[in-house]
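Residue strings, one per chain:
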Amino acid sequence: SQQGEEDPQALSIQEGENATMNCSYKTSINNLQWYRQNSGRGLVHLILIRSNEREKHSGRLRVTLDTSKKSSSLLITASRAADTASYFCATAHTGGFKTIFGAGTRLFVKA
Amino acid sequence: KAGVTQTPRYLIKTRGQQVTLSCSPISGHRSVSWYQQTPGQGLQFLFEYFSETQRNKGNFPGRFSGRQFSNSRSEMNVSTLELGDSALYLCASSPGLAGAATGELFFGEGSRLTVL
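Note that the protein sequences, when read in sequence, are chains A and B.
So for the first sequence, this note's numbering puts the first residue at 1; every next one is plus one.
So for the second sequence, this note's numbering puts the first residue at 1; every next one is plus one.
Because the hints were derived from the structure by calculation, they are not lab data.
From the three backbone atoms N, C-alpha and C, an ideal C-beta is built for every residue, glycine too.
Check each hint, because a few of them may be wrong.
As the list claims (entries may be wrong) - Some chain B residues flagged as far from chain A (calculated, every beta-carbon gap over 10 Å):
(1) 14
(2) 53
(3) 71
(4) 95
Claimed, not checked - Listed next, the in silico DSS-like pairs over lysine-lysine satisfying Cα-Cα at most 30 Å (straight line):
(5) 70(A) - 57(B)
(6) 98(A) - 26(A)
(7) 57(B) - 98(A)
Bound-form chain A, shown alone (with noise of 0.2 Å):
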């Protein structure tokens, strides 16, 4: 089974606005990362955050780590019309050695 689970699966907001997303996770992890997917490309990159980071910063995005919750947070502040992406947490689960995604949050940004 996937090990990161996001929320909501869809958004749809309005260009300035801010957008969040939730992940959360089942076991121990390494680390947290974020990628963004535009329609049928591959995986950019977005952030990774360590198991004892509890928030980062990045241009416009932050993300938060809540290891006792087992979830994350990856707001995009004063979000534009190409932020519309899908957009995927993924967890490298301690002794694993594996990267496992979410099924990812679709964010719409309206003009």
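Once you have looked at the hints, place chain B on chain A.
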């Protein structure tokens, strides 16, 4: 630096045939992971190769196999194709093992396989 290159980008096969997909990782990267992406199942891990050795394997039948060469290029093969094998096959490379603490994955554009 060139990115991850996957070939072919698109291919059409018929049931029962076999297919070989190729992945050239970023120069210096020793790990190559393969994923199958379908609308219904999402991204499913197939296997990871590191220094020519398979280090991890997902829950796929033996029809799915792979290998890695000394230059880190990898191939995956699917034999006796089924309709359900139609998918986008994605390859990702990383400098070290994919699941390590700093194991960011760099993806190719994928090979879209259609089985008729």
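Now the hints, each set against the structure:
In this structure residue 14(B) is separated from chain A by more than 10 Å, as the shortest Cβ-Cβ distance comes to about 22 Å. Chain A leaves residue 53(B) outside its interface by the beta-carbon criterion, the shortest separation being 12 Å against a cut-off of 10 Å. Annotated as non-interface, residue 71(B) keeps its C-beta farther than 10 Å from every C-beta of chain A; the closest such distance is 21 Å. Against chain A, the non-interface label of residue 95(B) holds: every CB pair exceeds 10 Å, the least being about 13 Å.
Distance hint between residue 70(A) and residue 57(B) is fulfilled; the C-alpha atoms sit about 24 Å from each other, no more than 30 Å. Between residue 98(A) and residue 26(A) the alpha-carbon distance is near 14 Å, which keeps this suggested pair within the 30 Å criterion. With a C-alpha separation of about 9 Å, the suggested pairing of residue 57(B) with residue 98(A) holds against the 30 Å cut-off.
Comparing the model with each earlier hint shows no violations; every hint is respected.
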